[in-house]
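> With chain G held as given, fit chains D and P onto it using these hints.
Protein chains in written order, with this note's numbering: chain G, 778 to 947; chain D, 105 to 538; chain P, 2 to 369.
Reference excerpt, derived from the structure (chain P facing chain D, CB under 7 Å, subset only):
(1) 122
(2) 123
(3) 124
(4) 125
(5) 135
(6) 249
(7) 252
(8) 350
Pairs of lysine to aspartate or glutamate, EDC-like flavour, derived with a Cα cap of 16 Å:
(9) 494(D) to 197(P)
(10) 274(D) to 33(P)
(11) 86(P) to 301(P)
(12) 274(D) to 10(P)
No lab work stands behind these hints, which were simulated from the structure alone.
Quick reminder that beta carbons are idealized off the backbone N, C-alpha and C, glycines included.
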Amino acid sequence: MITDTGIVVAFYVIGITTVASALMVAAVRDLIHAVLFLVLSFVGVAGIYVVLSADFVAVAQILIYAGAISVLLVFAVMLTPAGDRRNSETAFRAPAAVLAGLVLAVTVFVIYDTNWRIASHGQFGATAASLGRAFFKPYIVPFEVASVLLVAAMVGAIALTQEEGEDGAA
Amino acid sequence: MPALLTLITHNWYDIRDLSNLSGKIEQLIRDANGPGWLVFVVSALLGAAGIVSFIGVAAIINIWIERRVVGRMQSRLGPNRAGPFGLLQPVADAMKLMQKEVLQPKVADGLVFSLAPIAFTVPGILVMAVLPWGRNMALANVDAGVIFILALTSLGALAVFAGGYGSNNKYALFGAMRVIAMLVTYEIPSVLALLGLVLFSGTMNLSGIVLFQAKYWTPLLLVQPLPFIIYFISSSAELNRTPADLAEAESEIAGGYHVEYSGMKFGLFYAAELINAVSVSAIIATVFLGGWWFYKLDEVVPGWMIFIGKIYAVYFLFVWTRGTLPRFRIDQLLAFAWKWMTPMAFLNLVLVAAEVLIWNETGVSAGLVLPLYAVINTAFAGALIVAWVKVMGPKFSRFPERLRYYSQIDVPSLPAVAPRMDEGAPGLTEGRSA
Amino acid sequence: MPLKSEPVEVNIGPQHPSTHGVFRMVATIDGERITDVRMVVGYLHRSMEKLAEERTYTQNIPFTDRMDYLSAINSNLGYCLAVEKLAGIEVPERATVLRVIFSELQRIASHCMATGAFINDCGAWQTPVMYTFRDREKVLDLIEMTCGARITTNYIRIGGVAFDIPDEFLPALDRLVNDDLPQRFDEYDRLLVGNEIILMRARDVGVVTPELAINASLSGPMLRSAGIAWDLRKADPYCDYDTYAFDIPVGYNGDSYDRMVIRIEEMKQSLRIIRQAVHRLTGGPHKTEVPLALRPPEGEAYARIESPKGELGFYVVSDGGPAPYRWHVRAPSLINLSVLKEMTVGQTIADAIVTLGSIDINVGEVDR
Numbered sequence: 778m779i780t781d782t783g784i785v786v787a788f789y790v791i792g793i794t795t796v797a798s799a800l801m802v803a804a805v806r807d808l809i810h811a812v813l814f815l816v817l818s819f820v821g822v823a824g825i826y827v828v829l830s831a832d833f834v835a836v837a838q839i840l841i842y843a844g845a846i847s848v849l850l851v852f853a854v855m856l857t858p859a860g861d862r863r864n865s866e867t868a869f870r871a872p873a874a875v876l877a878g879l880v881l882a883v884t885v886f887v888i889y890d891t892n893w894r895i896a897s898h899g900q901f902g903a904t905a906a907s908l909g910r911a912f913f914k915p916y917i918v919p920f921e922v923a924s925v926l927l928v929a930a931m932v933g934a935i936a937l938t939q940e941e942g943e944d945g946a947a
Numbered sequence: 105m106p107a108l109l110t111l112i113t114h115n116w117y118d119i120r121d122l123s124n125l126s127g128k129i130e131q132l133i134r135d136a137n138g139p140g141w142l143v144f145v146v147s148a149l150l151g152a153a154g155i156v157s158f159i160g161v162a163a164i165i166n167i168w169i170e171r172r173v174v175g176r177m178q179s180r181l182g183p184n185r186a187g188p189f190g191l192l193q194p195v196a197d198a199m200k201l202m203q204k205e206v207l208q209p210k211v212a213d214g215l216v217f218s219l220a221p222i223a224f225t226v227p228g229i230l231v232m233a234v235l236p237w238g239r240n241m242a243l244a245n246v247d248a249g250v251i252f253i254l255a256l257t258s259l260g261a262l263a264v265f266a267g268g269y270g271s272n273n274k275y276a277l278f279g280a281m282r283v284i285a286m287l288v289t290y291e292i293p294s295v296l297a298l299l300g301l302v303l304f305s306g307t308m309n310l311s312g313i314v315l316f317q318a319k320y321w322t323p324l325l326l327v328q329p330l331p332f333i334i335y336f337i338s339s340s341a342e343l344n345r346t347p348a349d350l351a352e353a354e355s356e357i358a359g360g361y362h363v364e365y366s367g368m369k370f371g372l373f374y375a376a377e378l379i380n381a382v383s384v385s386a387i388i389a390t391v392f393l394g395g396w397w398f399y400k401l402d403e404v405v406p407g408w409m410i411f412i413g414k415i416y417a418v419y420f421l422f423v424w425t426r427g428t429l430p431r432f433r434i435d436q437l438l439a440f441a442w443k444w445m446t447p448m449a450f451l452n453l454v455l456v457a458a459e460v461l462i463w464n465e466t467g468v469s470a471g472l473v474l475p476l477y478a479v480i481n482t483a484f485a486g487a488l489i490v491a492w493v494k495v496m497g498p499k500f501s502r503f504p505e506r507l508r509y510y511s512q513i514d515v516p517s518l519p520a521v522a523p524r525m526d527e528g529a530p531g532l533t534e535g536r537s538a
Numbered sequence: 002m003p004l005k006s007e008p009v010e011v012n013i014g015p016q017h018p019s020t021h022g023v024f025r026m027v028a029t030i031d032g033e034r035i036t037d038v039r040m041v042v043g044y045l046h047r048s049m050e051k052l053a054e055e056r057t058y059t060q061n062i063p064f065t066d067r068m069d070y071l072s073a074i075n076s077n078l079g080y081c082l083a084v085e086k087l088a089g090i091e092v093p094e095r096a097t098v099l100r101v102i103f104s105e106l107q108r109i110a111s112h113c114m115a116t117g118a119f120i121n122d123c124g125a126w127q128t129p130v131m132y133t134f135r136d137r138e139k140v141l142d143l144i145e146m147t148c149g150a151r152i153t154t155n156y157i158r159i160g161g162v163a164f165d166i167p168d169e170f171l172p173a174l175d176r177l178v179n180d181d182l183p184q185r186f187d188e189y190d191r192l193l194v195g196n197e198i199i200l201m202r203a204r205d206v207g208v209v210t211p212e213l214a215i216n217a218s219l220s221g222p223m224l225r226s227a228g229i230a231w232d233l234r235k236a237d238p239y240c241d242y243d244t245y246a247f248d249i250p251v252g253y254n255g256d257s258y259d260r261m262v263i264r265i266e267e268m269k270q271s272l273r274i275i276r277q278a279v280h281r282l283t284g285g286p287h288k289t290e291v292p293l294a295l296r297p298p299e300g301e302a303y304a305r306i307e308s309p310k311g312e313l314g315f316y317v318v319s320d321g322g323p324a325p326y327r328w329h330v331r332a333p334s335l336i337n338l339s340v341l342k343e344m345t346v347g348q349t350i351a352d353a354i355v356t357l358g359s360i361d362i363n364v365g366e367v368d369r
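In isolation and in its complexed conformation, chain G is listed as follows (with noise of 0.2 Å):
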């Protein structure tokens, strides 16, 4: 077990604020509100990492998260009419709280099922160089496959999102 009171107190202020954040996501009417507060979550997830001490991901996950995808999704917001950008009431509510619940369900049921190899606090080290190194050695090919699976997809959103007679000069 972790004993170190500092890594303790940080682990459980920076999960219950992501945790609570993360609510705040499907509970807020406003959706802006609830990008932001996405954000937030976001960047709790972030400081669980810094935890964990894999520092990188931490931080890649600050830079693509909160600061990349939060932007799409104000770009998304922002397109929608004004009068549908309302967290609003929807008949799939009851369905949708018994399926989260199931989700809930079966995580918590995995946790505790699993015979968690405990490691003992890691060192605080470099993690960017044995990332790099596994991406380019042992797991190239899924690398390389994610890579182009991600360019085809965004060939594809181009593609569909170009209007018909649309020379793309803008």
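For chains D and P alone, kept in the frame of chain G given last:
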């Protein structure tokens, strides 16, 4: 004399490196068998105190510097009444802002409106934490430091968006959306520009990049001029400074995202903008100019003094461009990033990768290879810029642009009775009615 | 999937940094693009034309100062020419030359202001406007030296000018015209005319076609930028302008950039005129004595001059009494402004601001 020198060095009050002080305190805690986390907390508080006091002074001084320097550029004096050389002018301004009533529009989104200035201030200060202020003077020597600063500089735009959206004002919303569009666009070239440096120096640790430059006695600016230009432009877009200050665009959208802010909330935005300018100048000073290192000077002068000197050298460049250039239009600015800077940054990255590969494979001495690379890269940057301008430069319809000069003009003789409109007066066939 | 945004109506003005006064422009925009513009004028209306019917001809001159307060002397001149035409008053030779000198000085001051403010609208952080203001100040110093006022001069009077020039005026004018300003205008050329960002911002922005320019009765730099050579100093000479050698710069494209360059060129041409005029200064009176309560014979007169903004016309009707029966102003700012919609629809907000700046309106003259 040497005895005197040893008195002020290697002691906790040695001002050349504040790590002496924190090291001493750490030692004390260890000796007293204090808990391990206390060391971190105390040294973090010490570093934070140092950084915040620097930022507090810098924000005040920067207003003065900016106004004085720009005043000189505009052939006027700038503030010179309050205090010696007008140095107290920013203090007076701050007092005024504090006394002003903080207005909040009735329709504003209260919480978002109030939190945005605070959220905007945080990233600029956090960046300071990972910068090496001296040989052992980085508060957080984060291994992925470069990515960390990139992540933080992108967060500020979100706060600006929140402010603009929370104001519930059309102008503010324009500013907010422009910030978001600029963030998406300028993030890419700035990341690519810094990536080239990371590749070249082989580390993402900011202290490591400074040490690399100190080791080879070369500021990376000399070896990689193109990333410097790209990063400078894209960071001035992210900072909302004049060639790219579209988010506030005084003359178009009347202040943009902070149009509804008043009093100290506006003051916080204003201060945060200056703090961000200092942070970005500090990043450039670290990564391109060698941070606390300056040839042999850092053995005599405290490293942080050299660093601050470099920060203000870069900051002067920002003030200079701000005082000189008019503003781009938003589509021109975005096109500039997508069509010019992103491809250039990619090409530069490929070139740097090849250079690093050659250097590693052949193992030629640095003294030979670095000047060679500097020449190659400078020539490459120049050629690329010229070629891009030739191929993709702005083309205006309907030249020529020179004027014609008439010393005599023909005065048409008016008919005695003007033709009625329905009879079709000459030259009135189209136009006005449309 | 076409992405369409909602049209939004944005009030640009009456309190906006770039509307050059209290002018209001209600723009309907789609994203950043303007689809419709509605102009609202009248925030500075002081009903001068009606007030003038209650005052004597001489008392009306200060009203003209407050119309286009950036080129007050030109407004004075236009009004005085109309009254002189109505009453058949001869103006002494010296007064005519002084009128030419001062109206050209005022043109320089006005164009300095227009150019600086235009670049400010392009988004420069005050630097060009400070440069042009510096030069405008020098011109205003000369005007102040002669008549004691800088903005609302009330200098040109019916039958001549109010004061003769002081002794130190001519040396100062010589320094300014032959030494100071030519250097400054070359500096503008280097700083502004070839500036890449200004080219990008102002080229093909706010285009006026020649047909539109003629049909909308535009005048001044607006008309000349559209490629039509027309300048009242040549087309309908007043104050012996036909005897001076100067050129009229004319553009090709009718865009904002052409208008800026034309203004800079016109300032250089004004220097040429002033240099010639100084040599024509003869002795003699600077004013014909006219009775304070002038009663022109019954009739009407229209006089027009080329003010910095365009054709400034004054239409004065007399019923034989001491006050004009009707007094009407053809204000170039208002008429040039009338094509704003045609110029801005389809552009972005930023372009609309640049366009408005390039028209060089003065709301004091628009609303009167």
